[in-house]
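A.B. asks: Which chain is which? The protein sequence lines are A, B, C and D, in order. Using the numbering used here, count along the first sequence one by one with no gaps and you end on 1438. Using the numbering used here, count along the second sequence one by one with no gaps and you end on 1438. Using the numbering used here, count along the third sequence one by one with no gaps and you end on 363. Using the numbering used here, count along the fourth sequence one by one with no gaps and you end on 363.
By construction, these hints were calculated from the structure, which means they are not laboratory data.
In silico BS3-like links for lysine-lysine, alpha-carbon gap of 25 Å or less: (1) Lys290/D with Lys317/C; (2) Lys232/C with Lys290/C; (3) Lys1393/B with Lys1373/B; (4) Lys317/D with Lys352/C; (5) Lys1365/A with Lys78/C; (6) Lys78/D with Lys1365/B; (7) Lys1393/A with Lys1373/A; (8) Lys1138/A with Lys1373/A; (9) Lys356/C with Lys290/C; (10) Lys218/D with Lys78/D; (11) Lys290/D with Lys352/D; (12) Lys317/C with Lys352/D; (13) Lys356/C with Lys317/D; (14) Lys1373/B with Lys1347/B; (15) Lys232/C with Lys218/C; (16) Lys317/C with Lys356/D; (17) Lys290/C with Lys317/D; (18) Lys218/D with Lys232/D; (19) Lys317/D with Lys317/C; (20) Lys1365/A with Lys1138/A; (21) Lys1374/A with Lys1393/A.
One side of the interface only, derived from the structure: several residues of chain D facing chain B at Cβ under 7 Å: (22) Asp69; (23) Val72; (24) Tyr73; (25) Asp94; (26) Ser98; (27) Ser100; (28) Phe125; (29) Cys128; (30) His161; (31) Phe165; (32) Pro337; (33) Ser339; (34) Leu342; (35) Ala345; (36) Phe346.
Some chain D residues flagged as far from chain A (calculated, every beta-carbon gap over 12 Å): (37) Thr44; (38) Glu85; (39) Tyr189; (40) Lys218.
Note that the Cβ used here is the ideal one computed from N, Cα and C, for glycine as well.
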Amino acid sequence: MAAARPVELPSAVLERAERSEPNAELALRFFYYMSLMREVEERIERKLYRQGKIVGGVYVGRGQEAIPVGVGLTAEPEDVFFPSHRDLALFFIRGIHPRHIFAQYMGRVGGLTRGKDGNMHMGDLSRNIVAIISAMAASVPVAAGAALALKYKGTRNVAYVFFGDGATSRGDWHEGINLAAVQKVPLVLVCNNNQYAYSTPLEKQMACAHVADRAPGYGIPAEIVDGNDVFAIYEAARRAVAHARAGLGPYMIECKTFRMTGHSAHDAADYVPKHLWEEWAKKDPILRLERTLLERQWADSKTLEELRANIRAEVDEAVEWAERSPFPDPSELLDNVYETPPASSEK
Amino acid sequence: MAAARPVELPSAVLERAERSEPNAELALRFFYYMSLMREVEERIERKLYRQGKIVGGVYVGRGQEAIPVGVGLTAEPEDVFFPSHRDLALFFIRGIHPRHIFAQYMGRVGGLTRGKDGNMHMGDLSRNIVAIISAMAASVPVAAGAALALKYKGTRNVAYVFFGDGATSRGDWHEGINLAAVQKVPLVLVCNNNQYAYSTPLEKQMACAHVADRAPGYGIPAEIVDGNDVFAIYEAARRAVAHARAGLGPYMIECKTFRMTGHSAHDAADYVPKHLWEEWAKKDPILRLERTLLERQWADSKTLEELRANIRAEVDEAVEWAERSPFPDPSELLDNVYETPPASSEK
Amino acid sequence: MEVTYLEAIRRGIWEEMERDPNVFLLGEDIGVYGGAFKITAGMLEHFGERRVIDTPLSESAIVGAAIGASLMGLRPIAEMQFADFISCAYDQIVNFAAKCRYRWGAAVPIVIRAPSGGGIHGGPFHSQNPEAWFAHVPGLKVVCPATAYDAKGLIKAAIRDNDPVIFFEHKALYRRIKEVIPDGDYTVPIGKARLDRQGTDLSIITYGAMLYVARDAADQLAEEGISVEIVDLRTVFPLDEETVLASVRKTSKAILLHEDTLSGGIGGEIAARIAEKAFEYLDGPIVRIAAPDTPIPFSPPLEEAFLPNAAKVVEKARWLARY
Amino acid sequence: MEVTYLEAIRRGIWEEMERDPNVFLLGEDIGVYGGAFKITAGMLEHFGERRVIDTPLSESAIVGAAIGASLMGLRPIAEMQFADFISCAYDQIVNFAAKCRYRWGAAVPIVIRAPSGGGIHGGPFHSQNPEAWFAHVPGLKVVCPATAYDAKGLIKAAIRDNDPVIFFEHKALYRRIKEVIPDGDYTVPIGKARLDRQGTDLSIITYGAMLYVARDAADQLAEEGISVEIVDLRTVFPLDEETVLASVRKTSKAILLHEDTLSGGIGGEIAARIAEKAFEYLDGPIVRIAAPDTPIPFSPPLEEAFLPNAAKVVEKARWLARY
Ligand SMILES: Cc1ncc(C[n+]2csc(CCOP(=O)(O)OP(=O)(O)O)c2C)c(N)n1
Ligand SMILES: Cc1ncc(C[n+]2csc(CCOP(=O)(O)OP(=O)(O)O)c2C)c(N)n1
Ligand SMILES: [Mg+2]
Ligand SMILES: [Mg+2]
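The task is simple: from the sequences and hints, build the whole structure.
C.D. replies: If you want it as structure tokens, here you go:
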């Protein structure tokens, strides 16, 4: 698969970043990935979905782009990502082209699952991204096991697992973190606390003020960070990953943010009080980043507009590509249940 | 079923206790139930089991008797108990005669399950005791639901759920407490932290110092108490139940104790460092209570010896009763799978 | 009045909640939102927060809490947002709920509602038919209504039943099936199959959404002069063996049709009972038609190839009729 | 050398750990204690803490961590202390492990070992035979060895298999079954049944501890002049249909015998395949013998009545032979 665009390897960036304060180049990378995520998801949710071109449900991360980007850019290529359903940028950071994302959402063979699964249920082991299953938080023990393996093999790598506030109520979340903590495996836990799980607000989800309040119960450090500030997230994630790489065990980051959309494309989210939309619209992480870029003179409006135009062109092309990608042939139905088909299965 | 002995109702005791400091009568009730539990379990584990009269596994609460007794005596009869597998005294407190316990362990119809299940897997809804299933911590969400029902029905009653340190690692433990906390149901959570789960020591079970460290993550209060001091446990439990009854939601008590036996009767527990046995033998909760009774002149040795003799006699009789209780007839095999047997089931 | 399958379930629940103050609801997003499929729409407003409880995202706690409340005499209805997530509550269901009565005589009158089934491009985790995960666990009852009439009658029966009932609602039927059903109270007995259509040449034994596939196939076959009898199981566990055997004794040929995957599915159990207890009546092999042994794929051409359809049934039925 | 069934498994694991540094163990009490049944005794000492991991009491995390480690190229063997607790990891197994390859091409080479089965007065939660909970889930392999030879060969095959394998070890066989087995490396193919005994009058198709019940019954029947063929399935999912059908085509009569409860058990699936694909060869009803549809009771007279035994098999076989 072709990379999204010729970007340097994240490790190169990371090294540079280690040497320096937030800088123009890093900020522009933030901008690129956040904008790309926004553009791809807008296209999916607001255009293709309404045109009936999308198969199945659509979950997007509008307003939360700073989280996968700020965290994802702290990773080395051999670090392993376990994205949640609102972390599309992680795929781009790993060089997966938007073409394959659109094809995935359209059920085409060009998608990462060849049409076997849909939307964010995708992964690519060659790029160290593990596909979620639907059951919220099921990834947490699996990520703990991946981190255990990274340690077992003597690598310096870590696993990153992403989840929402609602997912923290699941037994798997608890079991996975506890096992990871006891075994001191290199695991970075990233909570996108967007204050809702589908229609369920935080106060019906948990009786504590912060997800981070649970970390002491696992004997692990946690920090709370502004989930719409990509710089703050990046810094927190760097601390987290440094901790994990140093063999000190899991580290949790809770990113306070807001889901600027319904739970999925068919949800009008009437249950969200109007003032919250307005409040959080002002905190949009991309607008905020843009302001910083302009203020610090790391970019001028023209550059940003050009970048956005490039992204739109890239996305236009990717949608076309995906639409040309064929649907899977029904003959693929029985493939890949097992490595070798069982003797009695019929083609 | 006949009561173990003519004891006053716990609620009467409680009222008296509310009016006063720990007193002779309450202390003697502690002594009675703790000694009875010890005696019954010794008989099962050290005599009947070795004689081959017990069917299946044996788990006892030696050294932990202060927990079910100190907590259990704070309850009103309509409060609901969810015992763990080391809380036998709760059954006695509810007036269940040792006969039925021995019969239960011997697989006889005189057991609380008529031989359908064994050992501590027993309950009696008419006495508000719910039977555990084997899966550790499965009782926690169930107890949360019972507490929810008590609130739903507008009663002043609470549910008490008991669990070990190992059980706290299960997803159900987390899910159950979280739901209970969000719904603010009247639930008293009692952890017997005996420092081992089978052979697994605390440091392989959790990376935090105390189970109680997890309570803030659920927004509920918790306290740590000397699990071998029945007075301290009683006081803590009174605070817990007062909190729950007042509609303030769940409250956790962590009782630090030690399992003065193998995990089950067949386990020699060689994995426990010898010095721990010695250390904790000195802290035996019954000996300790005895010293207090004598010191405060709430009882003299003669009285205690008499009490013990009575218990032994009661237990002798109960064993005989149980041995006379028949095994269930195979014709009972198909009973009680459903309220009404399905049409196609064959007798 | 004509109502949808969805509305039939909704009314059944509503009426039971009016009838019995011990009936209450718990689940994710069932209150303010009215449920992912809007089965509980309006119930929070009408019955209040006490009886319509939005829970944290915790299937095991939802089922566990339902069990605990039922032990205290309430009649909880727990919703799984999608049937696929019922796996997260598996231990509570198969080990706690199913075994209480047998072990110590404690009734667990809970209903677990679970929207199941494919045909909506939901992919591997929003389309499963998990009935066979449970139709093996003594103590449970597993219900899979196909019609609006049965959906209402069975949900009411399930709520009144004194044993744990898993109620699989087929998502693809929710708004597709409309029927005139009686107003007001009636129940449909759990454990009783229904003769959907009389016939003489062969029996199709089915349940859930596949009833409509069977009817389509039967219509086509009727034109060819093949007379098909259809048995709608309604309850898949415990099975109504008598109705199944009576039909096969009459027609001497059986097709077992289900949407769930073939191996280990309900069809095997039915085949076994026929092959043991109606062997002498059989004039041909017992034919199973079901989804192949794969996860449920997402993309339309794959899902279409995966799901049994009338064409597949007609082809096999023709062969069997001629046998 | 003569070894027990237990020792055969132990050696199989040991040899694979020597052979492949990516093989490692995780589970409750498997290290210092050597496992509740001592299958892993001595392994911590020999292979060290890195490869023999005592976990917290968390079945879902154990299986989940095994999945994650396998995705990174390791070959984890997870122990459930008793098979009954596998229900706590159900979602991880049926939704995560089973579906990864199909969905996105990721292999999940894990082995989940689970001591199952009754006959030890373990009661409802220490005696279950949960194979049917999984023998319906595409993507999983479910293995139930009956002999020490197969136990060793199959555990080694399971460890080398690139798909998730659930390995049910029958507790009642652990120390009861002793056999001379070859020293050193061999494997037994997953998915292949074994003809345990040739016969002409009827076939008993079985697996796990019931193999010995079948043998007993066959011995008694032989004295009466009834010649029994025994097929030991070894793998219950996916099924080795060919071996089953070949035997039934030869003897024309089939008894399906398992310790797990009847309805929804493995027997149904086998009956269905026979009734569909060997129908013309059948000279009698397909007979199932299994535990009744109840939880597994604790008290000895109840458990004895619950478990299938040779007397029950002999009685039915006589009837079938005469049919
Ligand atoms: C175990 C389970 N139960 C229910 C669902 C249905 N569901 C999908 S997403 C969701 C809410 C998730 O909330 P959160 O974890 O906060 O993530 P967010 O969508 O807000 O990012 C629910 C209930 C699910 N996917 N898994
Ligand atoms: C889910 C589950 N897994 C494994 C077991 C086997 N088992 C029985 S008791 C036990 C240890 C329990 O430890 P803890 O909760 O600390 O209670 P304790 O026995 O120390 O009182 C284990 C592992 C079980 N009963 N349930
Ligand atoms: Mg959320
Ligand atoms: Mg313990």
